[in-house]
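Protein sequences, first through last, are from chains Y and X.
When you number the first sequence by our numbering, it's gap-free, plus one each residue, and the end is 435.
When you number the second sequence by our numbering, it's gap-free, plus one each residue, and the end is 195.
Think of the hints as simulated: they come from the structure by calculation, not from any bench.
Any given hint might turn out to be false.
Label-pair distances were calculated between CB atoms; the ranges are [claimed, not checked]:
{"no.": "1", "chain 1": "Y", "residue 1": "325", "chain 2": "X", "residue 2": "121", "range": "30 to 36 Å"}
{"no.": "2", "chain 1": "X", "residue 1": "129", "chain 2": "Y", "residue 2": "245", "range": "18 to 24 Å"}
{"no.": "3", "chain 1": "Y", "residue 1": "274", "chain 2": "X", "residue 2": "25", "range": "51 to 57 Å"}
{"no.": "4", "chain 1": "Y", "residue 1": "321", "chain 2": "X", "residue 2": "98", "range": "56 to 62 Å"}
{"no.": "5", "chain 1": "X", "residue 1": "26", "chain 2": "Y", "residue 2": "411", "range": "45 to 51 Å"}
{"no.": "6", "chain 1": "X", "residue 1": "26", "chain 2": "Y", "residue 2": "340", "range": "35 to 41 Å"}
In this text, a Cβ means the ideal position worked out from N, Cα and C, and glycines have one as well.
The chain contents come next:
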Amino acid sequence: MSCRETKDLLNAYVDGELDSAGSLGVENHIKGCASCLADVENLHALASAIHNGALRFNAPKTLKRNVETAIRKANPEAKPAYFNWRWATAFASIVLIVAATWTITTQRAASSQQTQFVNEIISSHVRSLMANHITDVASSDSHTVKPWFSGKLDYSPPATDLTDRGFRLVGGRLDYIGGRSVAAVVYQRSQHFINLFVWPSSTGPAADGEGEMTRQGYNLIHWSKSGMNYWLVSELNLAELNDCARLLKE
Amino acid sequence: MLEQNELKTFNDAVLPHLDAAYNLARWLTGNDQDAEDVVQEASLRAFKYWKGFSGRDARPWFLAIVRNTFYSWLRQRSTQPAVTVDGELEEIDDGFPNPERALLQNADRHLLQAALEDLPVEFREAIVLRELEELSYKEIADIASVPIGTIMSRLARARKRLQIYLTNAATRNLP
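Isolated chain Y (complex conformation) (with noise of 0.2 Å):
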């Protein structure tokens, strides 16, 4: 693919809007040209600038009822569907507030150590996208990724398939994190990819219990269940990672 092709797709590749040749022909192509490259690593930033910068519009709290209140009088027929705001709104509140003081808290308790601990897991990550080197084992069926890490580990990683849940299983890595061979668990929903990194509590680095957090443009969920721990990263939405998160965790 020539330089020319490959700039007029650069947008659409970013976007996880090529199908696989497309995309393939586009990594071939950035192996080798530092330009092309240099401009999907703009993208990239310019994307996660704009995923961060906090710019979505929320309605006023006054918009949902003025709507209803305007069909129903455009609408005489219709009976009004029955929504206590007062509540919804009291207890959207309590939600937000008890969201924010937990973010606070957990954040504030970051230590330096775990600040470096956090970068490592955010450098594996964006190597593993950028590096085109996913995964060692490509698969979305549990029982060819389970049985790949066995060889390679002294501890089983679960590699449960969420594909019917939305979030499909891509395959498994073995990267290297805090100083210990971890197993790297890949997913990927829509075209964003999430990578799960797993170890036992006891040998690698210490999570710090359960908590969340955004970091350079990308959003890691951590927990400790059943004497492992748990550390999901992607530049998918917090929201969305959480859903991932609450899939594992079932």
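Given the coordinates of chain Y, work out where chain X should sit on it, guided by the hints.
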């Protein structure tokens, strides 16, 4: 009874997308009051067309109505015909120095908002639908009633413009 059910299914399927609708309208109109008016008008239209809607996902359908409402609103208040920008910008695409990645990454909300507001409206809606609403090219093309290729090129040009805007802004601020 029929209308009552209809109102309920409409409220359940469409009103959860009021935030998305408002976000789009706010980016298109540029101010709160007009955005609210556009969303309200669009909701009335949507309820009117609701019987005819048979799709699965009400969000792109509703956003298309918001967009069309915006353009009718724009036509009403302006005597100037809408400018089509596709085909422009080719000349500045080449030869512009590569923006610095750190600079793009560190752009703050204020600057990004200014950069987005500076975009022609067709580019702005493509970026908002893609980056903020995370719709696919196909969905955006359906909403804007143009071929997918046009969306691809609008996004490419819009992003180029944003990069240029952010780079220029940062250069201006240098001591």
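Holds or violated: 30 to 36 Å for the Cβ distance of residue 325(Y) and residue 121(X)?
Once the Cβ atoms are compared, 33 Å apart, the range 30 to 36 Å for residue 121(X) and residue 325(Y) holds.
Range first: 35 to 41 Å. Now tell me if the beta carbons of residue 26(X) and residue 340(Y) are that far apart.
violated (56 Å)
Verify the CB-CB distance for residue 129(X) and residue 245(Y) against the hinted window 18 to 24 Å.
Holds: the Cβ-Cβ distance is about 19 Å, inside 18 to 24 Å.
For residue 321(Y) and residue 98(X), compare the CB-CB distance with the range 56 to 62 Å and indicate the outcome.
This hint holds: roughly 58 Å between Cβ atoms.
Given a hinted range of 45 to 51 Å, is it respected by the beta-carbon distance of residue 26(X) and residue 411(Y)?
holds (49 Å)
Taking 51 to 57 Å as the hint, is the beta-carbon distance of residue 274(Y) and residue 25(X) inside that range?
violated (26 Å)
Checked against the numbered hints given earlier, this structure breaks hints 3, 6; the rest are met.
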